[in-house]
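Given only the sequences and the hints, what does the whole structure look like? Please build it.
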Amino acid sequence: MDIGTVIGLCVAVIAVVIGIAFGGNPLALVDPASIMIVLVGTVGATTVCFPLAKVLKLHTVALKAFFFKQTDVVEIILDLVKYAELARREGILSLENLVDEMKDPFIVRGIKMAVDGTDPELIKQVMETELESLMDRHAQGKQIFDSISKYAPAFGMIGTLLGLIFMLGSMSDPSSIGPSMAVALITTLYGAMIANLFAGPIGEKLLARDVEEVQIKTIIIAGVMAIQSGDNPRVVQSKLATYLAPAERDRVLEAA
Amino acid sequence: MDIGTVIGLCVAVIAVVIGIAFGGNPLALVDPASIMIVLVGTVGATTVCFPLAKVLKLHTVALKAFFFKQTDVVEIILDLVKYAELARREGILSLENLVDEMKDPFIVRGIKMAVDGTDPELIKQVMETELESLMDRHAQGKQIFDSISKYAPAFGMIGTLLGLIFMLGSMSDPSSIGPSMAVALITTLYGAMIANLFAGPIGEKLLARDVEEVQIKTIIIAGVMAIQSGDNPRVVQSKLATYLAPAERDRVLEAA
Amino acid sequence: MDIGTVIGLCVAVIAVVIGIAFGGNPLALVDPASIMIVLVGTVGATTVCFPLAKVLKLHTVALKAFFFKQTDVVEIILDLVKYAELARREGILSLENLVDEMKDPFIVRGIKMAVDGTDPELIKQVMETELESLMDRHAQGKQIFDSISKYAPAFGMIGTLLGLIFMLGSMSDPSSIGPSMAVALITTLYGAMIANLFAGPIGEKLLARDVEEVQIKTIIIAGVMAIQSGDNPRVVQSKLATYLAPAERDRVLEAA
Amino acid sequence: MDIGTVIGLCVAVIAVVIGIAFGGNPLALVDPASIMIVLVGTVGATTVCFPLAKVLKLHTVALKAFFFKQTDVVEIILDLVKYAELARREGILSLENLVDEMKDPFIVRGIKMAVDGTDPELIKQVMETELESLMDRHAQGKQIFDSISKYAPAFGMIGTLLGLIFMLGSMSDPSSIGPSMAVALITTLYGAMIANLFAGPIGEKLLARDVEEVQIKTIIIAGVMAIQSGDNPRVVQSKLATYLAPAERDRVLEAA
Amino acid sequence: MDIGTVIGLCVAVIAVVIGIAFGGNPLALVDPASIMIVLVGTVGATTVCFPLAKVLKLHTVALKAFFFKQTDVVEIILDLVKYAELARREGILSLENLVDEMKDPFIVRGIKMAVDGTDPELIKQVMETELESLMDRHAQGKQIFDSISKYAPAFGMIGTLLGLIFMLGSMSDPSSIGPSMAVALITTLYGAMIANLFAGPIGEKLLARDVEEVQIKTIIIAGVMAIQSGDNPRVVQSKLATYLAPAERDRVLEAA
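Read top to bottom, the protein sequences are chains A, B, C, D and E. Under this note's numbering, the first residue of the first sequence carries the number 1226, and numbering increases by one thereafter. Under this note's numbering, the first residue of the second sequence carries the number 1226, and numbering increases by one thereafter. Under this note's numbering, the first residue of the third sequence carries the number 1226, and numbering increases by one thereafter. Under this note's numbering, the first residue of the fourth sequence carries the number 1226, and numbering increases by one thereafter. Under this note's numbering, the first residue of the fifth sequence carries the number 1226, and numbering increases by one thereafter.
Be careful, since some hints might not be right.
All copies of an identical chain are treated as equivalent in the list; a pair is satisfied when it fits inside any one copy or across any two copies.
[Unchecked claim] Below, computed lysine to aspartate or glutamate pairings styled on EDC-like, alpha-carbon distance capped at 16 Å:
(1) K1279 to D1297
(2) K1367 to E1438
(3) K1289 to E1438
(4) K1307 to D1456
(5) K1337 to E1326
(6) K1279 to E1437
(7) K1375 to D1341
(8) K1328 to E1438
(9) K1367 to D1297
No lab work stands behind these hints: they were computed from the structure.
Below, the structure written as structure tokens:
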């Protein structure tokens, strides 16, 4: 579970709820037609934007922002160093027995190719292609949320314009202007809330997750290449440690 | 038919229509002069922006967002693996007989060059140039829709400014302010609807289609190059599978 | 003559004119002080932005959006294929006699270098440097129009703020508020019209022209390099055809 | 201490405070519910955007904008030239004794690798990987401040919309409109102040610091590589001086 | 003196001044507290954004937009061709005597290295590093003006929000609304004027100057490399001429 997403979302929602509680009757903010325009309109526009298959799998993408098993990059590096030691001591073929206990399927695929004696250039190419495809797929997930962040305020504005035009067009009783305008503004509020409470931040979290995953996979590629070429485990350790922040780097180097 | 585009468009339009139905008389939103300014103005500005030939072919581009035969990338890869097997077993010349049953003309052109014994570097260069030209042409199609998304709200604002200036300049009867202002706002509404209901999402869908087509063509180039260099069909299969998402990748690898 | 620019501009202007005619007295939109602020202010700010020599030659740049001899890229390719045939049949020196009837001075310079026996690397470098310089100069022309599109609405807003401040500061007669505010809004209208009717679309057209010219020059470079290295005319034809859209590509290939 | 950050922040805050003092009662700007919505909402949305660990360490990032020991790049270069002289005169191993007095741990790591006889390519790769990781980490720090600059005005707008809707919905007493609207606008003010007084400028300063640090580390990499390859100290000096502005460059060259 | 900057600035300022003269009493636009908020606030925020040393040297950067000795790129090229001729006729060492009369210190540094027999790769690297550092320093100057263009309107909005909140909060006398609102809007006007009359255009001019200087330095690098490798002066001339616009190119080629 990604506590950051859950806590952050709760904090932001509570902030708005308290703001509403201080302001007046929450029921004044509920308007079915406004929900219709903003929510359904945004869903429709976003569905047009992307291949249907990707929009339908959006919930699995969104869940990644909430449930994400944090991978400890230090542990990954120490595992790779361990494999490098074994490969150097007993030959690269000895890694075959360790494949079952490796945690990351990406390491498994890399080590298996190395054990099979695949050409180093090909190993690198296959692993980098997989990383690039992963980045492309992540980028598309992020784009769907960006699209929601863009169309929710747009449909909010369309709703408010509709409300204003109807109100101004049939302005018989001046005392009804206030409430009508309040209702017209509700769609803008909905649009701003969908964009800034949900779609925007979740899209950003997905991007941050992507950056982390790319860093880990980059380290794994460097590690597998070093193991394959029979590098000294100490060299592997310092090479891979350079990818980390000072604090984590010390954890890796002290574990030597 | 791209059901996503159709369903999404219907959903978004219905959302707005219901919003209108809740709000008041739909006829209050129809104003010929406003349609004139926003629609014709946007068409004019967009026509200035791009070569006339491209603007006149815009409907064929737009139709791609609605009618698009989804290519199954897994099938393409399995076909390429099949050709790799044949080329390895019976020589690359044997592929000549299969050319007629190949579905993608891009594969045909690549395989034909390989069969003709064209230099691998040249095959790669020709295929990549074609891919780049395709991306350029797609980008231009997208740009026209971006341009519409930009000029529709701009002409909406010009219309509203015109309306406000005329209204404010001859404000004799205070009771006419409301209706006049309502009419002035209609162009802004039209601009927002053209941009966010049609041009924006359709442009995005074209971009998503481009991304898919580029991915497929990238895989085909990698496949033809591998076939040409006589790679082991198993290696071809794993190489090409790296371009896919995990679910599709398993479908390719299980088909082995 | 670029009919697209002319037609588009007329259509957009007519749309606005009809919108005005429906709205009220066109004279209400004419205000000398507003023209002063927006037009002269924009000219001033744009003159600061760029080297004076470039601003003074802006009209020649703008005219390119109106008068532009469309080059038929298919014809260019067929010419290059013809030269390739001749060079292969009678030697590259035989091209010297054709130099006078070549239409594009860029082809002439390239062929002349090839005939002079210039080193292929140098030919490529000289031609690519010229293409890059051309792109830089075009980009600067586009930037001036972008600058106008940016400063016209900005000076429109400055004018409107000035008008509002004067109006609000001396609000003795409530009945004068409307007309004063109408005048204040006129500068915003002017800014929006300059940006969206003229500067924006013309800048875009210049960019589209640049894209076309770059494509043609890229094809010419590839063609001259192929002629220089004595490629088979059929290979030259298919190589250059890859740069084109399917319809044009067929025209080139059928002309074989 | 970074005096620029402190002075700049004080100047900007004083400007606003004096503006408030001229305007009216400062207490009119304090509204707990508004603080709630904007501050807590922004914190929540930002927490969703990034990994929790990074958000919790934000204060250490922010402090870098205030406390930052300015490194004198001229001194760094002169030190590197000194090491180059020693390495040339007494052999690269003689640098081992100087490691303790070197100020920058990045120089130490580089020189140590050179002394250990590490392969030059590997030294370069390790140092550049470390530089890239540093840039990634700095970029993330900047992104958090960008996120605050984006969400603070957004929650300001949400708060103002809430206020306006409640006010317009229950508009019984016209005389209460003014004060209610004033309160509604306070959240927009808070959002603008958080974004433009704090988050925006501090994010920019972090970026400027990153640029400086990257320049210094780039120079160190070039210096270590030159020392390792036994370059003439005069050549090292002129090579490294090219990275500097004319004034600093002269200081380096005159120190020869 | 850069007449373009001076004329453009005068024209833009006069446009606004005439606009003011037509509108009303100029004194209505002077408000010390507003000047305080916008000017001092922008200075403060910009000071936070950048290293103090760079902000303090901003006037020297700004002066470059006003006083800038235009370098004639044609003359530079003809000089380089002259040096190439001499180097070919009398040997590269003969250029040493010409160093004193060379106008551009960048040419001097390049020629000196060539005369000293420095390795061509190193000459290129040293000159390109210097060019990149120059571009970085110019980019920072531009960024400071961009920052002013961004914060001036932001502080303008903060000032207007403050004014509106105070006005709306103590709205006893309806007749005072107009003048109070006028004063509130003055900060927005100041922000728009600082951004669009000064900071924006001057930043753009600095960028244009940077583009010119980079072009000249790129030509010089190409020239020095050609001289160093003993290229034929005619070849040098045509190579360098490719960097120019057609008109200037002809001037270079005719001067042969």
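Verification of the supplied hints:
1. K1279 to D1297: between (29 Å within a copy, 15 Å between copies)
2. K1367 to E1438: within (14 Å within a copy, 20 Å between copies)
3. K1289 to E1438: within (12 Å within a copy, 27 Å between copies)
4. K1307 to D1456: within (12 Å within a copy, 33 Å between copies)
5. K1337 to E1326: within (13 Å within a copy, 36 Å between copies)
6. K1279 to E1437: Answer is between: at 12 Å across copies they meet the 16 Å cutoff, but 23 Å inside does not.
7. K1375 to D1341: Classified as neither; 49 Å inside a copy, 51 Å across copies.
8. K1328 to E1438: Classified as within: same-chain Cα gap 14 Å, cross-chain 34 Å, threshold 16 Å.
9. K1367 to D1297: neither (23 Å within a copy, 24 Å between copies)
The structure shown violates the earlier hints numbered 7 and 9.
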